[in-house]
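**Student:** The primary structure of each chain is shown beneath.
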Amino acid sequence: AQSVTQPDIHITVSEGASLELRCNYSYGATPYLFWYVQSPGQGLQLLLKYFSGDTLVQGIKGFEAEFKRSQSSFNLRKPSVHWSDAAEYFCAVDSWGKFQFGAGTQVVVTP
Amino acid sequence: EAGVVQSPRYKIIEKKQPVAFWCNPISGHNTLYWYRQNLGQGPELLIRYENEEAVDDSQLPKDRFSAERLKGVDSTLKIQPAELGDSAVYLCASSEFGTEQYFGPGTRLTVT
Numbered sequence: 153a154q155s156v157t158q159p160d161i162h163i164t165v166s167e168g169a170s171l172e173l174r175c176n177y178s179y180g181a182t183p184y185l186f187w188y189v190q191s192p193g194q195g196l197q198l199l200l201k202y203f204s205g206d207t208l209v210q211g212i213k214g215f216e217a218e219f220k221r222s223q224s225s226f227n228l229r230k231p232s233v234h235w236s237d238a239a240e241y242f243c244a245v246d247s248w249g250k251f252q253f254g255a256g257t258q259v260v261v262t263p
Numbered sequence: 106e107a108g109v110v111q112s113p114r115y116k117i118i119e120k121k122q123p124v125a126f127w128c129n130p131i132s133g134h135n136t137l138y139w140y141r142q143n144l145g146q147g148p149e150l151l152i153r154y155e156n157e158e159a160v161d162d163s164q165l166p167k168d169r170f171s172a173e174r175l176k177g178v179d180s181t182l183k184i185q186p187a188e189l190g191d192s193a194v195y196l197c198a199s200s201e202f203g204t205e206q207y208f209g210p211g212t213r214l215t216v217t
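Heads up: the sequence lines are chains C and F, in that order. All the letters of the first sequence, read from the start, carry residue numbers 153 to 263 under the numbering used here. All the letters of the second sequence, read from the start, carry residue numbers 106 to 217 under the numbering used here.
Misleading hints may appear alongside valid ones.
Chain C stretches covered by chain F per the calculated footprint, using a threshold of three residues with CB under 8 Å from any CB of chain F [as the list claims (entries may be wrong)]: (1) 171-181; (2) 196-206; (3) 237-250; (4) 253-260.
None of these hints come from the bench; they were simulated from the model. Ideal Cβ positions, reconstructed from N, Cα and C, are used throughout, including at glycine.
In isolation and in its complexed conformation, chain C is listed as follows (with noise of 0.2 Å):
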């Protein structure tokens, strides 16, 4: 059955280190990635997407994502995390139109 994944629930990072956030998918062929963030109370906001070509993809707020074919994995990192990172974190997915979430990554960030 076609389905994303992430492992970690939940994680918690200290301020100034870096953040590694995995995502996993299950289909038939590549799809499109994305990475999600959500503050509370917040819609969800596009971080960086992966259609084709460079496997590493830049985004906003100082995050990148390495799509690894081999591994169908896709994951999302920040080398040096702020406070206001703190959010909760979805992988996404567009397989020939179906769209499918992760069900998300809550980050806690210390000081």
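Could you slot chain F onto chain C? The hints should help.
**Tutor:** For chain F alone, kept in the frame of chain C given last:
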């Protein structure tokens, strides 16, 4: 550029009552989506419109949920009658030709 607009932002109703949510997508976006997001979960697609046509409503509980997108712009999602399990955030999103989606702030529904 104005984003996706949704109203109301919050709604509290008693079970068995009807409720409606309204969405105005970004100007020029032909694709419109309605999602339901339960607490602690990712959004789940309810229905997708291409212009006026509902092209994917496979996850819409049709016994109590209905949606329309007249003239291919604004859309309304209705629940009648509401059940306790319908408490969730209802998100609207739009995109241009099915590319990346832009989301509205959502409507938080509480059914008591």
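**Student:** If a hint holds in the structure, say so; if it does not, say that too.
**Tutor:** Consistency of the hints with the structure:
1. 171-181: With 0 residues in contact (Cβ-Cβ under 8 Å with chain F), the coverage given for the stretch 171-181 of chain C is violated.
2. 196-206: Answer holds; 4 residues pass the 8 Å Cβ test.
3. 237-250: holds (count 5)
4. 253-260: holds (count 4)
Of the numbered hints given earlier, the model fails hint 1 alone.
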